[in-house]
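Chains Z and A supply the protein sequences, listed in that same order. Residues in the first sequence are numbered from 0 upward in steps of one, following numbering that gives the first Met the number 0. Residues in the second sequence are numbered from 0 upward in steps of one, following numbering that gives the first Met the number 0.
Check each hint, because a few of them may be wrong.
[What the hints assert, rightly or not] Simulated crosslink set (PhoX-like; lysine-lysine; CA at most 20 angstroms straight-line): (1) Z:Lys222 - A:Lys131; (2) A:Lys178 - A:Lys114; (3) A:Lys178 - A:Lys168; (4) A:Lys178 - Z:Lys136; (5) Z:Lys51 - Z:Lys274; (6) A:Lys105 - Z:Lys222.
[Claimed, not checked] Residues of chain A clear of chain Z, computed beta-carbon distances all greater than 10 angstroms: (7) Thr22; (8) Gly63; (9) Asp75; (10) His88; (11) Pro107; (12) Leu128; (13) Asn130; (14) Phe248; (15) Ala251; (16) Ser274; (17) Asp323.
Everything labelled a hint here was simulated from the structure, so no lab data went into it. Glycine residues also receive a C-beta, built at the ideal position from the N, C-alpha and C atoms.
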Amino acid sequence: MSSYSITAPSSRQKWIAGTIVILYALITITPLVWIIATGFKSGPDSISYPPKVLFQPTLEGYVNLFTTRTRANAEDLAAMPPPETWYEQVVRDNGMVIAGPSRYGERFLNSVIIGFGSTFLSVFLGTLAAYAFSRFKIPLKDDLLFFILSTRMMPPIAVAIPIFLMFRTLGLSDTHLGMILLYTAVNISLAVWLLKGFIDEIPREYEEAALIDGYTRFQAFYKVVLPQAATGIASTAIFCLIFAWNEYAFAVLLTSGTAQTAPPFIPTIIGVGGKDWPAVAAGATLFLLPVMVFTILLRKHLLRGITFGAVRK
Amino acid sequence: MAEVSLRKASKSFGKDIALADVTMTVPDGSFVVLLGPTGAGKTTTLRLISGLERPDSGDILINGRSVLGATPAQRDVAMVFQQYSLYPHMSVRDNLAFPLRSPILKTPEDEIRRKVAEVAEVLRISGKLDNKATTLSGGEMQRVSIGRALVRNPSIYLMDEPLSSLDAKLRADLRVELKSIQADLGATFLYVTHDQIEAMTMATHIGVLDRGRLVQFGSPRDIYENPVSLYVASRLGIPRLNVLPASVFGGAPYGAMTIGLRPEHISQGVGKPASVTRVEHLGDQTRLHLSLEGHDIVTLTDVHTGLEPGDHIAIQPHNPLFFDAGGARIA
Ligand SMILES: Nc1ncnc2c1ncn2[C@@H]1O[C@H](COP(=O)(O)OP(=O)(O)OP(=O)(O)O)[C@@H](O)[C@H]1O
Ligand SMILES: [Mg+2]
Numbered sequence: 000m001s002s003y004s005i006t007a008p009s010s011r012q013k014w015i016a017g018t019i020v021i022l023y024a025l026i027t028i029t030p031l032v033w034i035i036a037t038g039f040k041s042g043p044d045s046i047s048y049p050p051k052v053l054f055q056p057t058l059e060g061y062v063n064l065f066t067t068r069t070r071a072n073a074e075d076l077a078a079m080p081p082p083e084t085w086y087e088q089v090v091r092d093n094g095m096v097i098a099g100p101s102r103y104g105e106r107f108l109n110s111v112i113i114g115f116g117s118t119f120l121s122v123f124l125g126t127l128a129a130y131a132f133s134r135f136k137i138p139l140k141d142d143l144l145f146f147i148l149s150t151r152m153m154p155p156i157a158v159a160i161p162i163f164l165m166f167r168t169l170g171l172s173d174t175h176l177g178m179i180l181l182y183t184a185v186n187i188s189l190a191v192w193l194l195k196g197f198i199d200e201i202p203r204e205y206e207e208a209a210l211i212d213g214y215t216r217f218q219a220f221y222k223v224v225l226p227q228a229a230t231g232i233a234s235t236a237i238f239c240l241i242f243a244w245n246e247y248a249f250a251v252l253l254t255s256g257t258a259q260t261a262p263p264f265i266p267t268i269i270g271v272g273g274k275d276w277p278a279v280a281a282g283a284t285l286f287l288l289p290v291m292v293f294t295i296l297l298r299k300h301l302l303r304g305i306t307f308g309a310v311r312k
Numbered sequence: 000m001a002e003v004s005l006r007k008a009s010k011s012f013g014k015d016i017a018l019a020d021v022t023m024t025v026p027d028g029s030f031v032v033l034l035g036p037t038g039a040g041k042t043t044t045l046r047l048i049s050g051l052e053r054p055d056s057g058d059i060l061i062n063g064r065s066v067l068g069a070t071p072a073q074r075d076v077a078m079v080f081q082q083y084s085l086y087p088h089m090s091v092r093d094n095l096a097f098p099l100r101s102p103i104l105k106t107p108e109d110e111i112r113r114k115v116a117e118v119a120e121v122l123r124i125s126g127k128l129d130n131k132a133t134t135l136s137g138g139e140m141q142r143v144s145i146g147r148a149l150v151r152n153p154s155i156y157l158m159d160e161p162l163s164s165l166d167a168k169l170r171a172d173l174r175v176e177l178k179s180i181q182a183d184l185g186a187t188f189l190y191v192t193h194d195q196i197e198a199m200t201m202a203t204h205i206g207v208l209d210r211g212r213l214v215q216f217g218s219p220r221d222i223y224e225n226p227v228s229l230y231v232a233s234r235l236g237i238p239r240l241n242v243l244p245a246s247v248f249g250g251a252p253y254g255a256m257t258i259g260l261r262p263e264h265i266s267q268g269v270g271k272p273a274s275v276t277r278v279e280h281l282g283d284q285t286r287l288h289l290s291l292e293g294h295d296i297v298t299l300t301d302v303h304t305g306l307e308p309g310d311h312i313a314i315q316p317h318n319p320l321f322f323d324a325g326g327a328r329i330a
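With the rest of the complex left out, here is chain Z (with noise of 0.2 angstroms):
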């Protein structure tokens, strides 16, 4: 017993913690594993059973992913000059030739800039709010902080044809303002009181030894409220982040052209000449990285959002 600590768990302790948690990960990134084996594989290998655990490694389906194709007979390919680049090689050897660009780029660049505008904005009013909801006398303020959190205790789909007709009516269908729009009026109430929380732990002290310093309240949030509470800004921006970036249902229900996301567009791609399973799967797995990137990139204050509440000083 001499070793006896209250806090440092036994080694019994962290074998048992390490074995669930192994155990844990290996059940939530198989998926994942899958998606991401699936995208380098050929058509055929992607559907056989038992399914291939070692298979030759091909970038067909991330080609497949970023072009269209015709199918041509072997005499025309025959006759056609070789082919100019690896990718052309690659359709070459499947008996067709690229028709043109498919729409992914395009697709894959709505989703970055719907998801990050969203989020941005989702941020920026929710941390100026929250900081008025803390630090104010707001009449009313219980009923108006239940009121921004009630806007969720509904699945936002439920609400879908008033906000498909106001959306036609106001000419914001298809639009990436539109969709920016309404990413953000989801996430606002999440942002608001996730960041209220951060704010409230932030000692009033701070700001009116600033105001006595000579700055105005503005400058006192920005200088000295914000840098501390960017932990809670990281992580309310990954929420945020990872909610219009995976939203699937709005994005079918209102975009089709111009400002169409990546999730619906990647189903699209089955139809596209059979079951192009490698494509989808490589469509997949380019779309995780970003939200990946910027997790990777602000995990350290993420880990310290999801705790807060506990000892954070």
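The hints should help you fit chain A with the ligands onto chain Z, whose structure is shown.
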């Protein structure tokens, strides 16, 4: 520098009256110390002057002009908070430079460097300038927060127990430094402390607060020698004022209920016999704990006294303080 006044200033928080009808003038170039037990309204007074809090009624004047409509920045006051609040995301250097970089002062960088170095020198934190504020000890933080006030040249310095977390030696050193800075600059100070030595040595004026009321305002000597009430008399004195029923010794004036005795009010050698219960040698002074008819009395005696517990000495009052039933001074 400036003269600062409160005119019938009152402030309540819900049912708590923090300050009631306080009228007080901090003259230009003076060093005013606020005394009072916890909850008396000292911090509230500073916050009203700085503009962090608005009075419910009454007025605050700086150089004769009402500043009720002015923001803290416009009032140009420097304040050292009781809970020293350094900006945790900044280095010590940036903390000290922060007021100088404000849009109001917009000090050139080379002057900021000079000022910060100078103040850091005075406060003995030169070696810590590049530390993050959160890595400092409590006493170091407190000095940085004093420094954040001293880099400026405001209309008034408001300091709320600025030396409370320092060790005795540093405290004594900084007391002298602060006082000489104040004297050199002719600066106006409003200073809260519970420390009698600070109050007596630094103050030009002392204000005593009792549950939100200003009960006496005057020079340190005045407050010490001519307190208006038992309450004020009890604020100062080491060892503290002995309070006994007036009837213990004869000759009390009419209406006197209690008699207040400081060590200098007690003559030894003649009078009523008291027994020695304890002798405390503090080095520079020796305290004598006496028991007189069941009442405890603490006084001073010769540093090298031969008295021991159990001994008896005779004592009698000499120009003591007399108070009536309500605690008001009557002689
Ligand atoms: N923000 C506030 N909200 C509610 N009550 C307050 C607030 N600030 C002060 N008070 C009350 O006002 C009274 C005076 O407080 P103040 O802080 O001025 O005392 P103080 O003299 O500085 O005491 P201390 O020596 O403990 O610092 C206290 O009763 C306190 O509870
Ligand atoms: Mg106080």
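*Mind verifying the non-interface call on Phe248 (chain A)? Its CB should be farther than 10 angstroms from each CB in chain Z.*
holds (51 angstroms)
_So Asn130 (chain A) supposedly isn't at the interface. Is its beta-carbon more than 10 angstroms from every beta-carbon in chain Z?_
holds (17 angstroms)
Hinted pair, alpha-carbon criterion (20 angstroms max): Lys105 (chain A), Lys222 (chain Z). Please report holds or violated.
holds (15 angstroms)
Quiz item: Was Asp75 (chain A) rightly flagged as not at the interface, with every chain Z Cβ beyond 10 angstroms?
Solution: Since the minimum Cβ distance to chain Z is about 8 angstroms, Asp75 (chain A) lies within 10 angstroms and the statement is violated.
message = According to the definition I'm using, a residue is off the interface if its beta carbon is farther than 10 angstroms from all beta carbons of the partner; does Thr22 (chain A) meet that for chain Z?
response = Non-interface label on Thr22 (chain A) holds, nearest chain Z Cβ at 24 angstroms vs cutoff 10 angstroms.
Would the least Cβ to Cβ distance between Pro107 (chain A) and chain Z come out above 10 angstroms?
holds (16 angstroms)
Given the hinted pair Lys178 (chain A) and Lys136 (chain Z), is their Cα-Cα distance within 20 angstroms? Measuring from Cα to Cα gives roughly 40 angstroms; hence the hint is violated.
- Task: Beyond 10 angstroms from every chain Z Cβ: check whether that's true for Gly63 (chain A).
- Result: Non-interface label on Gly63 (chain A) holds, nearest chain Z Cβ at 22 angstroms vs cutoff 10 angstroms.
Just want to verify: Ser274 (chain A) was marked as not at the interface with chain Z; is every Cβ pair farther apart than 10 angstroms? holds (52 angstroms)
Worksheet item: Does Ala251 (chain A) really sit off the interface, with its C-beta more than 10 angstroms from all C-beta atoms of chain Z?
Response: The assertion about Ala251 (chain A) holds, with a minimum of 50 angstroms to chain Z.
Quick one, are Lys178 (chain A) and Lys168 (chain A) close enough, alpha carbons at most 20 angstroms? The given pair, whose Cα atoms are some 16 angstroms apart, holds under the 20 angstroms limit.
| Does the claim that Leu128 (chain A) lies off the interface hold, with its Cβ farther than 10 angstroms from every Cβ of chain Z? | At about 18 angstroms from chain Z, Leu128 (chain A) clears the 10 angstroms cut-off, so the statement holds.
Consistency note: the structure conflicts with the earlier hints numbered 4, 9, 10.
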